[in-house]
Every structure is written in C-alpha cells, then in structure tokens.
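A.B. asks: Each chain is listed here by its residues.
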Amino acid sequence: VALSKVFGSLRKELHDTLSTCKVLVVGAGGIGCELLKNLVLTGFKNIEVIDLDTIDVSNLNRQFLFQKKHVGKSKAQVAKESVLQFCPTVNITAYHDSIMNPDYNVEFFRNFMLVMNALDNRAARNHVNRMCLAADIPLIESGTAGYLGQVTVIKKGLTECYECQPKPTQKTFPGCTIRNTPSEPIHCIVWAKYLFNQLFGEEDADQEVSPDTADPEAAWNPEDTAARATASENDGDIKRVSTKDWARSTGYDAVKLFHKLFKDDIMYLLTMDKLWKTRKAPTPLVWQQLEDSASPQELSAGSGLKDQQVLGVWGLCQLFQHSVETLRSQLQEMGEGAELVWDKDDPPAMDFVTAAANLRMHIFSMNTKSRFDVKSMAGNIIPAIATTNAVIAGLIVLEGLKILSGELESCRTIFLNKCPNLRKKLLVPCILDPPIANCYVCASKPEVMVKLNVHKTTVLSLQDRILKERFGMVAPDVQIEDGKGTILISSEEGETETNNSKFLADFGIRNGSRLQVDDFLQDYTLLVNVLHTEELERDVEFEVVGEAPDKAPSPQTTPEEVNSVTNGNKDSAQPSTSSKAEDDDIMIVDSEEENEGASSSTAAATSGTKRKHSDAETGETSTKRPRTDQSSAAAAPTDDDDDDDIITLD
Amino acid sequence: MPGKETFGESEEEAAQYDRQIRLWGLDAQKRLRGSRVLLAGLGGLGAEVAKNLILAGVKGLTLLDHEKVSEESCRAQFLVPVTARGQNRAQASLERGQNLNPMVKVLADQDRVEDKPDDFFLQFDAVCLTGCSRDLMVRVDQLCSKHNIKVFCGDVYGYYGYMFCNLGKEHNYVEEKPKLVKPTGNDGPEAKKAKVDPNETTMVKKTASFCPLKEALEVDWTTEKAKAGMKKTPVDYFMLHVLLKFRTDKGRDPDPQSYPEDSRLLRQIRDDVLEALEVSADLLNDDFISYCFSEMSPVCAVVGGVLGQEVVKALSQRDPPHRNFFFFDGRKGNGVVDYFGPN
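Line by line, the protein sequences give chains A and B. Oh and the first sequence: position 34 is 34 in our numbering, straight run, nothing missing. Oh and the second sequence: position 162 is 162 in our numbering, straight run, nothing missing.
Any given hint could be a false lead.
[Stated by the list, open to error] Once the Cα atoms are required to be at most 30 Å apart in a straight line, the calculated DSS-like pairs of lysine-lysine come out as:
no., chain 1, residue 1, chain 2, residue 2
1, B, K232, B, K169
2, A, K418, B, K332
3, A, K402, B, K232
4, B, K332, A, K425
5, A, K306, B, K169
6, B, K59, A, K73
7, B, K105, A, K424
8, B, K68, A, K12
9, B, K332, A, K402
10, A, K69, B, K105
11, A, K425, B, K169
12, A, K156, B, K177
13, B, K231, A, K424
14, A, K280, B, K227
15, B, K179, A, K45
16, B, K250, A, K424
17, A, K424, B, K214
18, B, K232, A, K73
19, A, K418, B, K177
20, B, K68, A, K425
21, B, K245, A, K69
22, B, K206, A, K418
23, B, K105, A, K425
24, A, K418, B, K59
25, A, K425, B, K231
26, B, K179, A, K418
27, B, K68, A, K424
28, A, K425, B, K179
Treat the hints as calculated values from the structure; they're not laboratory data.
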C-alpha cells in the first residue's frame, strides 16, 4: 500500500484526484467556512465557493474566516482571502452571487466532480438538487441547528434526491387564530408582524389583523357565519377601511392606534361570545388606566442582557408609542407611497413588534416575552455555534473522500445528536435509501396532482405559490396540454404578464386538465394534473395530492411532528411551540437566520412517511419511535428522555 | 434608559455571542467568560480545539507547545502561517488564534508540558492535552483533578480519534427541561389538562461522577462483568491502547515516511497489548493499521468539535457531559460515547 507521504492515511490515488479535481461549495457561512478549511487542509486544490450574503457581526461567533473588520463585505470573497492566508497555493474562486442565477447552468455544474451544499434555505437546496441531478454530479447535502446536524449524499439514480421525501412547507396559522383566538405567544408575534406590514409596509390581504367576523367558530350555527360575513362587508369601521388608511387618517396617532387595536377591536371580539365559551376571554386595555396605575419602572436587577428584561404593561405602552412615532417619521421621510420592510435588526421595527405582540399577549392572558425572545421568534433565529458546524463539515469531507475514491456504496447519511442514543452513538450513520419511484423531481417522468379551485386560482398564484414556492422552480414555463399547446406562463419577462391576474378557468383549465411545466435552467419537466375542487380547507389555496394538508401545529406539538428536515428560516424551522430551538429529536437542517417579510410562522406537522433507517453497522432497520410527550419523560424519576435511535428524515 | 454597558455584558459581546447565547443562555456564556483554559499541543486537533474555545469566548486560552513548525505543520493546521517554518508552533499560532476573537486573552508558551511545575496547572479551570504521552496525561490528570480542574485529553490518528474527560468525582451541572403546566396555566387561555408547557422550561440540577484517566485505562478485562460487556465495547478503546503504546515506545506517532516499519511495529504492539490485557487476539484486526497515520483534517474537525463542546459544557456547567470517552471512526462515520473505569 503506497501512502501519500504528505497526506498520511490517504491513498496516493486519492491524493492525486484531490489535487486535480474541481469542487463547488455552495454557501460560505457557518458550515461553509469550516468546510473550506477542511477541504484545503485535506489536499483539495481547486475549489469554487459561492455566497450571496455579506458578513454580519452575529456571524463572528462561528464563521471563523471572518473578523470584525470584515463586517459588510462579501462572505465568499473574504472566505477566499482568509483561506489563502494559510494556504496560498490553493486555487479558489469566489462568487458573490446567488446560485440560482441562470449563469450557473448545467454546464457550469458539470465542471465539478463534487458539489457540497452549505446552505440555509430550502429554495436553494431544491435548486442545487435539480442542477446536480441534471448534470449528474454527486451532491453532499448538510445542515445544522444548535447542537444538531446531519450530512447526506445525493447521487442520481443511486440515492434519494433531496426532494424524494416531502418536506414540510412554510406554514401559516389560520387567520382566525391570529385575528381572534391566539393561544400562544407566537400567534401574537405573527399578528404584530402583520400589523407592521399593514401600517408601515406592504399591505397583504392574507395578513389581516382586525377581528375576523367570518370565523366559523364564532357562529352558533352555520347560517350565522355567512350572515356575519356579509354584515361585516357593510360594517364600515371594521372591514371597509384598510388599516393603513385608517392609521393615516389619524396621523398615526399612537394612542388612537392603541385604542383601536387593544381596546375597541378586543371589545368587538368579546361580542363574539361563542369564542369565549371554553376559552379565557381577552381583556381590553385602556391607555389612561395603565398610565395611572403604572408602578415605577423596575429593571430586573443585576445580570441580564438588556434585551432579556420583560417589560411591564406601561413600559410596553411607552415602547409602542415610541416605536410608532419613529416608524411614522421614517415613513414620512421616505415620501409618498413609501413602504417599510420589516427587519429584525432594525431597532424600531423590532421594538414595534415586541411592544405590539406583548400587549396582545397581555390581553390574552399569556406570559409576556422579552425582546430577546420575541426577536428569536419573529426573526426566525436559529441558534448556532462553531462546534456543530465543525463536526458536520468534517463529515462532509469524509463523505467526499469516499465519493472521489469511487466508494459510493460506503457513503452514509450521518446524524449528529446532542446526546448518545441507546447504542451509545453520538454520530449515527445510516445507509442511504434508493430513489423514490414517483418522486416529482428525480423520477424519469415526474408527475403530480394538485387540487385547487380553477375559478379562484390566478395564473400568478399558480406561478408563484405553486410552481415556485411549492415545487421549487425558478423560472417556469407552462403549457396547457389542450391539443393547442397554449402557453399559459412564459419565463421570458413580459410575454405572459397579462395572464397573471386571470383565473385558470379562463383558459379552459378544468378538472383533469394537464399542464406541462418546464424549468429549462434546472433541466426539469413536471406534469401537473389539475383536480378541480370547491372544498379546500379554510386558508388553503391548493393541495398536492398524496400529502396531508398543510396544517399549523396544535399547541402541544409533539417532537415527532416537528421531527423532520426543515430547511431554512424562510421556511421557519423553528417550532411554533418552542422559543428554544433545539430538542434532541428535531432534525433541523439549517443554520442562519433570515427576515421573511411576511408571516414568520413556523414549520409544523408533516405528513411524511416514517423512514426506516438501517443502522450501518448492524444492518438493522429501526423505525423511529415517536418520542413521547415530555410529560411522560418528566414523570419518570431518573429519566433520560433522549432514548430514541435514529432520527427520521421526514 | 440603562446605559450601553448593562449588567456586565457589553453590547459588543451581546452582538457577537448572540447566536450562542440563544442556545446555551447568558449564564453559561458568563461562566465561559470567566474561565481559563490550558491547551497543550497545537497540531491539527489542537488548532481545532483552540479555534472552538476562542470563538466560544473563554476568558483566556494558553497555547502550550514546545514543537517547531515543520513542513507538515503548515498543511496540518490553519493557524500557522506558511512563513512560520522553524518557529515554535504555539508562538506561530498566536496571531491568527488571537484574531479569531480579540475578547479572549490568548497566550503562547513554548515549554514542554512535562517540564511545567505542578502549580503551573493550578491557574486554569480546565486543561486539555493533545499529543501527550500516556504517562504524562496520567500524571497531569492526577494533579489537576486533585485541585478540581477539569481534564480533557484527545488525539487523532489518521481516520481515528478519541477524547477523554475527567470532570471530577462530583461535577455539577444544570439541564434544561420542559416545564409541566397545571390545568390553569397562564400561557394560554384554553383550559387544558396538565401537559408540557412548550414555552417555559426549568433548570434541573444534576451531578455526574468521573474517574481518573489511570483507572479508565487500566480496566481489568478478566472479570466476568468485563467479559460479558465485551460485545458492546467499542474496539476503539483497544486501538487507543495500541497507539498510546506506540507513542510511548517510539516517542512519536506512526509516520507515513516510515510506513513499512511502523505498520510492522503497530501489528506487534497490537498483539502485545491484546495479550497483556487478556482479551481476544481477534478483537482488533489489521485493518486499522493503514488508516491511522497522520492527523487527518476532517477527523480533527470532528473530534475537535466534540471535544471543544465538552470543554464548553464543563466550564459552563450546563448539559450532561459525555462520560467519559468519545471515539470517532472516520471510515465508518461512527461516533460513540462510552464509560471505562470502575463503577
């Protein structure tokens, strides 16, 4: 056996491959920095790295290739420079760009022997998955969140692709929960973000904050609901005037706003008495009363972060007033028609949501939350540390070495747990599963069936919500299989824009119609079968047949339900029911936080089938046992709850 | 409104450590901020541990290494600049190490570990030894645990690596557990039966007990109990014995430049060790031999990540520590935690 003199345990052949092959790293953040370092030290000589992001101070606790002086600069660029510091001989190309840019086409991907994802969002992962399938290049996928992480290998025809198993899509809470009957802090936080948009940002019909008179729960009988709905159409104050217009008419007067939102609207809710039959009723707030009864501001003595204090009600009122005034001025400065975009790192925006959400929590008898906690939930922040990323990046390279040695059959999915499982394993390797036969991405002729209402779904909705968001396409072209090949959507700008606001039915699309959807960049064709229905659940616009309807989690979501691979804060990896990110069984394949302008709702129950994972060593298959509710764990005297074996990829 | 420097945590620290404070809490971060750590050995594994501890925000980290930067060192770790050939390894790692986090006091010390007087170690809250001989590790472990200093050891040999820790006879820590709500819980207007309150947690105090390294390495395999447990025992433990013996006998680790002789020696030592421990000769076959040369970077990253996190946990006294060995097999992707020592 000839060992490489310099690279120790690597066989010479492998070492030679490393010196000549080209690899692509997608992402230069938490995993990316660690990965670049490992690749270079292992002997990879030709590396390309791409990242669209710039460096933020909150990255510095783990993205070690960056220093304070680099804040604001391109991650890919600075990563490259830092790597060259300790290895000047490596060939490394940095792209400050989005991997979804059409410049990075199949040809581009074919340059590489190996692609490694170090991403933080589902859309990009889906996209790279398809590009690697199209180019037939092995892909190593990975993710981390808190103490947990995982790595897996994707090879066309041999393994499941990234999209073979359905993953939970971003969930929104039912409108009536947000507007009428919040039961958890997260509902109030989502409401506050909606409110921000209604007042200062882009108004969205799906982000109503006023009481929902058409709430089916409010009606004593079904006819009632319809009656209430029409009644509210005529009731000028509640529905007719948009929240923004109303606010404008009062000059964004904070106290008037306060009374509308936290007194008048609450009093209206109280008239919907059926809602409060089994629930604790909300209590309206009166500004003057609160001012009069305010105790001198007690700052929690000693040791906390300023952000971790919990404000009293009067403190919240003041915060509300102050932030409204600041945001009002910001808006005024920007001029006519201006809109603010919510950003967790913008102090008044964050103050506003903190205040509004907490006031609402107070009204609905919930324990209020510190700004620190609100920021976590509102901003979808996933806690992150260096060590988890270091471990995962190490595993990525080890899988990469197997691939480049032609040992694909020895590749594994590896899970990093917080605590060892019953078999003492902290790192759990599992045999890779073969592709799913009817996967809507990697099957030879992918096909799906989608339930929707052809009279209510617009072409634009089809494009954005269904094809792009749900089916991960970047630039879809849609043809109707009507014998005429009618083009419904063209990816070329301007060509089919006039179709956008029309309904699908307007084009003769009905039950049983088939749409051929192509994304040429991804070299991907999907046949969409349309199933017309008038009976979709409330707030649900479409359903992919073969999957359970998207549901917001029940308040006591079991870890089993949350136990799925969720990707990216855009998709809200954070469970609605926990302000702390991690739980041993949650496989969240992500790091990095992001501001999603709209709802910050969270991943939820997934239908996904339970996977059987073979333990690599014993060849056993272990179905994941649902982790029982913590209540039973707490009941056991000397328990250690974390007894589960393998974490399923759902 | 309170001033910027509030309650002891500066805004700078809060901003930089935000993502980890959200994970392990402010208390833990403060304990880290008050801890001083000694790290011996700045090879591949040492550099990883250094990076992890510096980023975590300990008070001080002393890099102790008497070795000089060699041709291989430049490629083995990322703290040493390529121009530093011939310099002391700790000294050469200092600048890039310090730049990882200016808030940590990083020091370089060029002495040999064995030459340090006993009281040198007493200034630290935790000591982490890499690249040290078995006897040295045993001695330092004995000394440190007498003074309640947390001890960690770790090494990487090719595709294999391990970490050991001794946190003392009584290591106290807290574990965060979900709180149980009573039916009239105030985190929701709906009346529900007693369940887990997902929004509130509680800190539970716990204790774990550790044994000295000497006892961990000198397990008696001839007892009935030991023999019964053999099936579940990771063979990595025995591999570790072989590699530590090699290090003791040759004063170095297996070197690819001397592959033929070193692999012969490894085979011999394997036979001797298994015989001396009175365990089956079949326990450890030849496979490991060609894969245990030279520190592999990705393996250093994995072991260094786990080891680094264990140090963080121990210093912050939060979350159950791994007790007391972690073994990583980079060929299989297996990482196991197991306890060796008297019960």
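A.B. asks: It remains to establish, for every hint, whether it holds in the given structure.
C.D. replies: Status of the hints after comparison with the structure:
For a cut-off of 30 Å, the pair hint linking K232(B) to K169(B) stands: about 25 Å separates their Cα positions. With a C-alpha separation of about 19 Å, the suggested pair K418(A) and K332(B) falls inside the 30 Å cut-off, and the hint holds. A C-alpha spacing of about 27 Å is found between K402(A) and K232(B), which places the hinted pair at or below 30 Å, so the restraint holds. Distance hint between K332(B) and K425(A) is fulfilled; the C-alpha atoms sit about 12 Å from each other, no more than 30 Å.
Our distance criterion of 30 Å between C-alpha atoms is broken by K306(A) and K169(B), whose separation comes to about 37 Å. Taken as a hint, the K59(B) and K73(A) pair is honoured in the structure, with Cα atoms around 28 Å apart against an allowance of 30 Å. Distance check on the hinted pair: K105(B) and K424(A) sit about 36 Å apart at the alpha-carbon level, beyond 30 Å; violated. This hinted pair checks out: K68(B) and K12(A) have alpha carbons roughly 27 Å apart, not beyond 30 Å.
Restraint check for K332(B) and K402(A): satisfied, since their Cα atoms lie roughly 10 Å apart, inside the 30 Å limit. Restraint check: the Cα-Cα separation between K69(A) and K105(B) comes to about 19 Å, which is no more than 30 Å; the hinted pair holds. With a CA separation close to 24 Å, the supplied pair K425(A) and K169(B) stays within the 30 Å bound. Proximity of K156(A) to K177(B) is assessed by CA-CA distance (about 42 Å); at most 30 Å being required, the pair is judged violated.
The suggested pairing of K231(B) with K424(A) holds, with an alpha-carbon distance near 13 Å, which does not exceed 30 Å. Only pairs whose Cα atoms come within 30 Å are accepted, and K280(A) paired with K227(B) is rejected, the gap being roughly 62 Å. Restraint check for K179(B) and K45(A): the C-alpha separation of about 51 Å exceeds 30 Å, so the hint is violated. For the proposed pair K250(B) and K424(A), the alpha carbon gap of about 33 Å is over 30 Å, so the pair is violated.
Distance hint between K424(A) and K214(B) is fulfilled; the C-alpha atoms sit about 23 Å from each other, no more than 30 Å. For the proposed pair K232(B) and K73(A), the alpha carbon gap of about 51 Å is over 30 Å, so the pair is violated. With a CA separation close to 14 Å, the supplied pair K418(A) and K177(B) stays within the 30 Å bound. A distance of roughly 37 Å separates the Cα atoms of K68(B) and K425(A); the hinted pair therefore is violated under the 30 Å criterion.
Straight-line distance between C-alpha atoms of K245(B) and K69(A) comes to about 47 Å, which puts the hinted pair past the 30 Å bound. Taken as a hint, the K206(B) and K418(A) pair is honoured in the structure, with Cα atoms around 17 Å apart against an allowance of 30 Å. For a cut-off of 30 Å, the pair hint linking K105(B) to K425(A) is broken: about 35 Å separates their Cα positions. The straight-line distance between the Cα atoms of K418(A) and K59(B) is roughly 25 Å, inside the 30 Å bound, and the hint therefore holds.
Only pairs whose Cα atoms come within 30 Å are accepted, and K425(A) paired with K231(B) is accepted, the gap being roughly 15 Å. Between K179(B) and K418(A), the direct Cα distance comes to roughly 20 Å. Compliance with the 30 Å bound is thereby established for this hinted pair. Between the alpha carbons of K68(B) and K424(A) the distance comes to roughly 38 Å, so the proposed pair goes past 30 Å and is violated. Among the hinted pairs, K425(A) with K179(B) is consistent with the structure: their alpha-carbon atoms are about 27 Å apart, no more than 30 Å.
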